[in-house]
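Undergrad: Based on these hints, arrange chain B on the given structure of chain A.
The listed protein sequences correspond, in order, to chains A and B.
Numbering-wise, our numbering puts 40 at position 40 of the first sequence, and it's gapless, one number per residue.
Numbering-wise, our numbering puts 408 at position 408 of the second sequence, and it's gapless, one number per residue.
Treat the hints with care, as some may be off.
What the hints assert, rightly or not - These stretches of chain A come out as covered by chain B in the derived footprint (C-beta under 8 Å, 3 or more residues):
(1) 69–79
(2) 86–93
(3) 152–165
What the hints contain is simulated information worked out from the structure, not anything from laboratory work.
From a predicted model like this one, the values you see are computed outputs, not experimental measurements.
Cβ coordinates follow ideal geometry from the N, Cα and C atoms, glycine included.
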Amino acid sequence: MPYVSLSDKDVERILKTIGLDSTEALLGTLPDDLRIKDKLDLPDGLAEQELMALMQGMAAKNFPVGRGGLLSFLGAGAYNHYIPSTVAHLAGRSEFYTAYTPYQPEISQGTLQAIFEYQTLVCQMTSMDVANASLYDGASATAEAVLMARRVTGRGRVVLSGALHPEYRRTIKTYLNAASEDIAEALFCTEAGTTLVEAAQAAMGDEPACLVIQHPNFFGCLEDVSALAEAVHRKKGLLIVVVTEPVSLGLLKPPGEAGCDIVVGDNQSFGNALNFGGPYLGFMATKTEFVRQMPGRLIGQTVDRNGSRAFCLTFSTREQHIRRERATSNICTNHGLCALQAAIHLTSLGLSGLKALSEVNLSKAHYLRQRLLETKVCHAAFSAPLFNEFTVRLDKDADAVLKRLLKKGILAGLDLSRFYPALTNHLLIAATELNSKDDIDRFAEELSRA
Amino acid sequence: MKQTTDKGFFMDEPLIFERSSVGKKGVEPCPSDVPNHDAASTIPKAFLRDAGDVLNGFPEVSELDVVRHYTRLSQWNFGVDTGFYPLGSCTMKYNPKVNEDAARLSGFTGLHPYQSEATCQGALELMHDLEAYLCEISGMDAVTLQPSAGAHGELCGLFMIAAYFKDKGAPRHKIIIPDTAHGTNPASSALAGFKVVPIKSGANGLLSPEAVKAVMDTDTAALMLTNPNTIGLFERDIKEIARIVHTKGGLIYCDGANMNAVMGLARLSDMGVDCVQFNLHKTFSTPHGGGGPGSGPVGVVKKLEPFLPVPRIRKKGKRFTLVNEIDRPKSIGRMKAFYGNFSIMVRAYAYIRRLGAEGLRHAATTAILNANYIREALKADYQLAYDTPCMHEAVFSDKFQSGFGVSTMDIAKRLIDYGFHPPTVYFPLVVHGAIMIEPTETESLETLDAFISAMRSIAAEAKTEPELLKNAPSNTRVSRVDETKAAREPVLRWRP
Numbered sequence: 001m002p003y004v005s006l007s008d009k010d011v012e013r014i015l016k017t018i019g020l021d022s023t024e025a026l027l028g029t030l031p032d033d034l035r036i037k038d039k040l041d042l043p044d045g046l047a048e049q050e051l052m053a054l055m056q057g058m059a060a061k062n063f064p065v066g067r068g069g070l071l072s073f074l075g076a077g078a079y080n081h082y083i084p085s086t087v088a089h090l091a092g093r094s095e096f097y098t099a100y101t102p103y104q105p106e107i108s109q110g111t112l113q114a115i116f117e118y119q120t121l122v123c124q125m126t127s128m129d130v131a132n133a134s135l136y137d138g139a140s141a142t143a144e145a146v147l148m149a150r151r152v153t154g155r156g157r158v159v160l161s162g163a164l165h166p167e168y169r170r171t172i173k174t175y176l177n178a179a180s181e182d183i184a185e186a187l188f189c190t191e192a193g194t195t196l197v198e199a200a201q202a203a204m205g206d207e208p209a210c211l212v213i214q215h216p217n218f219f220g221c222l223e224d225v226s227a228l229a230e231a232v233h234r235k236k237g238l239l240i241v242v243v244t245e246p247v248s249l250g251l252l253k254p255p256g257e258a259g260c261d262i263v264v265g266d267n268q269s270f271g272n273a274l275n276f277g278g279p280y281l282g283f284m285a286t287k288t289e290f291v292r293q294m295p296g297r298l299i300g301q302t303v304d305r306n307g308s309r310a311f312c313l314t315f316s317t318r319e320q321h322i323r324r325e326r327a328t329s330n331i332c333t334n335h336g337l338c339a340l341q342a343a344i345h346l347t348s349l350g351l352s353g354l355k356a357l358s359e360v361n362l363s364k365a366h367y368l369r370q371r372l373l374e375t376k377v378c379h380a381a382f383s384a385p386l387f388n389e390f391t392v393r394l395d396k397d398a399d400a401v402l403k404r405l406l407k408k409g410i411l412a413g414l415d416l417s418r419f420y421p422a423l424t425n426h427l428l429i430a431a432t433e434l435n436s437k438d439d440i441d442r443f444a445e446e447l448s449r450a
Numbered sequence: 001m002k003q004t005t006d007k008g009f010f011m012d013e014p015l016i017f018e019r020s021s022v023g024k025k026g027v028e029p030c031p032s033d034v035p036n037h038d039a040a041s042t043i044p045k046a047f048l049r050d051a052g053d054v055l056n057g058f059p060e061v062s063e064l065d066v067v068r069h070y071t072r073l074s075q076w077n078f079g080v081d082t083g084f085y086p087l088g089s090c091t092m093k094y095n096p097k098v099n100e101d102a103a104r105l106s107g108f109t110g111l112h113p114y115q116s117e118a119t120c121q122g123a124l125e126l127m128h129d130l131e132a133y134l135c136e137i138s139g140m141d142a143v144t145l146q147p148s149a150g151a152h153g154e155l156c157g158l159f160m161i162a163a164y165f166k167d168k169g170a171p172r173h174k175i176i177i178p179d180t181a182h183g184t185n186p187a188s189s190a191l192a193g194f195k196v197v198p199i200k201s202g203a204n205g206l207l208s209p210e211a212v213k214a215v216m217d218t219d220t221a222a223l224m225l226t227n228p229n230t231i232g233l234f235e236r237d238i239k240e241i242a243r244i245v246h247t248k249g250g251l252i253y254c255d256g257a258n259m260n261a262v263m264g265l266a267r268l269s270d271m272g273v274d275c276v277q278f279n280l281h282k283t284f285s286t287p288h289g290g291g292g293p294g295s296g297p298v299g300v301v302k303k304l305e306p307f308l309p310v311p312r313i314r315k316k317g318k319r320f321t322l323v324n325e326i327d328r329p330k331s332i333g334r335m336k337a338f339y340g341n342f343s344i345m346v347r348a349y350a351y352i353r354r355l356g357a358e359g360l361r362h363a364a365t366t367a368i369l370n371a372n373y374i375r376e377a378l379k380a381d382y383q384l385a386y387d388t389p390c391m392h393e394a395v396f397s398d399k400f401q402s403g404f405g406v407s408t409m410d411i412a413k414r415l416i417d418y419g420f421h422p423p424t425v426y427f428p429l430v431v432h433g434a435i436m437i438e439p440t441e442t443e444s445l446e447t448l449d450a451f452i453s454a455m456r457s458i459a460a461e462a463k464t465e466p467e468l469l470k471n472a473p474s475n476t477r478v479s480r481v482d483e484t485k486a487a488r489e490p491v492l493r494w495r496p
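Chain A with its partners taken away, still in its complex shape (with noise of 0.2 Å):
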């Protein structure tokens, strides 16, 4: 049988120490009502060679995005970038990728390094003070963090921006069902594609626990951070930036200086490929005051007794391990090979990478839209600016575009209409730096003609 390491000999001896006469009667221990008495309806095992075989044949069904395959202009929380040789040869040694949670700190101080400078990479993208280890995507740490800011504050009201990805506001109120469904949405402005500020204060009611915006938001379009901080900061409620594309903290300011409470998102776009959706890497930062009120794990720097640098697992505390009923979260396992695929490839780049890959980001999107425009074929849906993802308005019907489209292998956007009925035929559309010149052009000649 595969990956099993005993010899018939082996397990003989075995059940000699045991002092038992064969395997059946080690099974003596489950109650015989509840054995299988035949096997399980799978199908049989398979040779590596035939399972090799198979898994090819099961990939090949599937028409995934890159070169020779599809052409994709899709995102909306999930990036299709460029991922540095270094960090699957790197992320892919064993001792990091068959290690589990650094229980053992003296021989996990690969791990633990590495996540805390992961810890610190976040912090230095958000301008905030400490970063946990990881959270398990976007909307679940979008999710957490709503709780964070309810416990933080002792309030229940939680205000989301409408512009918020509807996915993780789907997740939020799943989470929220449970304690208190004390949550409203601030629309957002149609003209601008920006939260309203007025709504949004409209919505908080007197006392906030929470403002929750994501910059750029589902649209593309950049949010007015500080002056949303101002306001939720008026009622003393907290302000949560949710960033679901983070190549954009290379040019923009970062939340931290914006007056944010606590920024979460997903850092999927550095070094984790799209994988149909998961995993990604959720990921926290907020203020030292809040740390003790913040879920995951966090990695903190002390000495081992000879007084050598060293890390470790720390704030326990805080964790299910201990304080059972009484955690901040529930979380045990997180993201961390994602985290540490993320640190590789930040640190591959670079400060001056990071900054480049921002621009080109932002120069790709501009020219791509720049280009559809002048199709006439699609308008510009809203009129705040973008960073790598922006909104049109098709003059002809989306689904049938959409389908046109993809006959000549291009994934042209997302159909807005299916999480905003009002949005009909409106495309959410990105770019990023693996959209060639030619690429770009190609869509939009194939887009006039569809």
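TA: Here is chain B on its own, set in the frame of chain A:
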């Protein structure tokens, strides 16, 4: 603070920020082939980073600097590939290499979650079939693959249980949890809005029907248990316990963390379980990743099926399609964006296909065999928490050693000197100085013997040379780490 220094190949490695020097470049992005867009021409200055901003010390290193840095860090880590990792409750079995290759196929990694269903039929088919396999293994009627980890799965299950009672017009507010439970169980219950009712396990380490009967009432939504439990024992009275809970209209939630001991041998449905989470990173061999990502699918019986998170995968003829909330009005909604940790599902799917029914059963049987071997071999030197045959893990206490002034932590650290990852320690909480050993099925007899021999030597050292234990580990890059200082004087990031 003293910096460590190189000792031959025991090399030192600073923080990446300390390797940084101004102007160094690593892997630069591809130059743009479109006209450069001046950010300041469309974005208000107040929205942009200040010119000359250096991101507060963001690293500037060469590509080789990066490669050496992470290679060195990897060498300071201990993984399953490095050696024996008997971390109880975590099922640190071998992570097959072919699964890694399968998960890295571009036909899987290159899929965008919002591309049209027609272009990702292979992925949907894989997910559909994995759901079916997990149903077959557990006996549950339906499975969602959406949750990201075991605790996330627990939370998802508890949300569904809450929704089920709310839907019946009779919300319930309590969850009964045994004192042997993982910390995630009470934490997930609280997060799902329930009050936790703790219940003691019996002198034999098992839950008794009487104890359950005494606390079970019509405000209790569910009993949440782990089977086999965290002491490595099978809850023999599970059927009777389930009957008691069901009679009062409650449900049974099973924490599936220990499924490795029962897959192919017994089905949760036959035990009366209504809801269970699977830990694909334990039972189904996907790597633990230094702390994730895992994957925590949830299986349910029919009456909970309407509450599963969306989207659901449906097969219509030969096509696979996603069903959303509009057609699933009772759904709890979403646990996260998109569909779950897909690349972890690919690995688990490959594992199940490689083993088949026979292989899964053989794996479970061998896991039990190996655990009982360790249990028998060590019971003279370490006190068994409960002296009965175990399932997949054996739990000892520190009773024989504590008299010599050494603790479970000392024993664990001394094991490192012998080249082994320590077992889970101080859990479950009901066992004093617990040492929880889960060898898994993938280890050889030679490895088990070497571990047993080390444990026996340590037991002897505890009597004669306890200092060896207290000063351990002595062969690692750092000696025992001061965790108290880390919490009292927090340094949670590097600063320039």
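Undergrad: Count the residues of the stretch 86–93 of chain A whose CB lies closer than 8 Å to any CB of chain B, then report whether that count reaches three.
TA: holds (count 7)
Undergrad: State whether the coverage of the stretch 69–79 of chain A by chain B holds or is violated, taking the criterion as 3 or more residues with Cβ-Cβ distances under 8 Å.
TA: Satisfied; 7 residues make the cut.
Undergrad: Taking a Cβ-Cβ distance under 8 Å as contact, does the stretch 152–165 of chain A have three or more residues in contact with chain B?
TA: violated (count 1)
Of the numbered hints stated above, the single one contradicted by the structure is hint 3.
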